[in-house]
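> Sequence:
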Amino acid sequence: MELWPELRFGLLNGWIALALLVLTDGLCFLVFPRDVVRRLFDRSGWSRKQVTFTVASKVCALVCLILLIATPLKIGTPAFVVGSAVSLLGCLGLATSLVNFRNTPSDQPVEQGVYRISRHPQLVMSSVVLLGGTIAIGSWAALLALVAARIGGHFGILGEEEVCLKQYGDSYRTYLQRVPRYFLFF
Numbered sequence: 001m002e003l004w005p006e007l008r009f010g011l012l013n014g015w016i017a018l019a020l021l022v023l024t025d026g027l028c029f030l031v032f033p034r035d036v037v038r039r040l041f042d043r044s045g046w047s048r049k050q051v052t053f054t055v056a057s058k059v060c061a062l063v064c065l066i067l068l069i070a071t072p073l074k075i076g077t078p079a080f081v082v083g084s085a086v087s088l089l090g091c092l093g094l095a096t097s098l099v100n101f102r103n104t105p106s107d108q109p110v111e112q113g114v115y116r117i118s119r120h121p122q123l124v125m126s127s128v129v130l131l132g133g134t135i136a137i138g139s140w141a142a143l144l145a146l147v148a149a150r151i152g153g154h155f156g157i158l159g160e161e162e163v164c165l166k167q168y169g170d171s172y173r174t175y176l177q178r179v180p181r182y183f184l185f186f
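Numbering follows my numbering, with no gaps: position 58 of the sequence shown is 58.
These are computed hints drawn from the structure, not numbers from a lab.
For clarity, every value in this text was computed on a predicted model and none was experimentally measured.
Worth double-checking, as some hints may not be accurate.
[As the list claims (entries may be wrong)] List of simulated lysine to aspartate or glutamate pairs, EDC-like, C-alpha gap at most 20 Å: (1) Lys-58 with Asp-42; (2) Lys-166 with Asp-107; (3) Lys-58 with Glu-160; (4) Lys-58 with Asp-25; (5) Lys-166 with Glu-111; (6) Lys-49 with Glu-161; (7) Lys-49 with Glu-162; (8) Lys-166 with Asp-42; (9) Lys-49 with Glu-160.
Work out the full structure, taking the sequences as your base and the hints as a guide.
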């Protein structure tokens, strides 16, 4: 891994991990009912602070995405193999979490499938896909941008949980106590 990678646009760049992420999301969004997709992006009820931190996290995520797009993959290295496997695992987990979300009625909190072990598996799995991409391009700068994006995105997660508490009440409060926020921690 290197701090700042050599930027060079090409067919075999980290954009492939990003394309896997977009393809996974896009295919699910195409086949899901509109109301399910709308629920996935609902930010009503968020505080100004949560929106501000989320926007800041999007800027950091954009830096990570630009680095992924403009950096060649380290093909033929262990980093490429590990990064590719991590990205594919993230895509599988993301698709699974999106299907779990779709299959839950809108008047109930999502508690089935991977939501039994994480309250926010979509975010975690999207991060895993991008993490794999940063490993496959061998860039510490991209990894740091991803970490900064996810730290800022944490405040958006808190906003989602506040909205869910208001919407679902005690059943969601019990869920908060039973299931960790990001798989094994928090």
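> Does Lys-49 pair with Glu-160 here, judged by a C-alpha cut-off of 20 Å?
Answer holds: Lys-49 to Glu-160 is near 13 Å, not above 20 Å.
> For the pair we were handed, Lys-58 and Glu-160, check the Cα-Cα distance against 20 Å.
It holds: about 16 Å lies between the C-alpha atoms, which stays within 20 Å.
> Take the C-alpha atoms of Lys-58 and Asp-25, compute the straight-line distance between them, and say whether it is at most 20 Å.
Given that 20 Å is the threshold and the Cα spacing comes to 17 Å, the pair holds.
> Please verify whether Lys-58 and Asp-42 have alpha carbons no more than 20 Å apart.
16 Å, holds
> Holds or violated: Lys-166 and Glu-111, Cα atoms, limit 20 Å.
16 Å, holds
> Can you confirm whether the C-alpha distance between Lys-166 and Asp-42 stays at or below 20 Å?
14 Å, holds
> Given the hinted pair Lys-49 and Glu-162, is their alpha-carbon gap at most 20 Å?
13 Å, holds
> Between Lys-166 and Asp-107, does the CA-CA distance stay at or below 20 Å?
Cα-Cα ~12 Å, so holds.
> For Lys-49 and Glu-161, compute the direct alpha-carbon distance and say whether it is at most 20 Å.
Answer holds: Lys-49 to Glu-161 is near 15 Å, not above 20 Å.
Checked against the numbered hints above, the structure breaks none of them.
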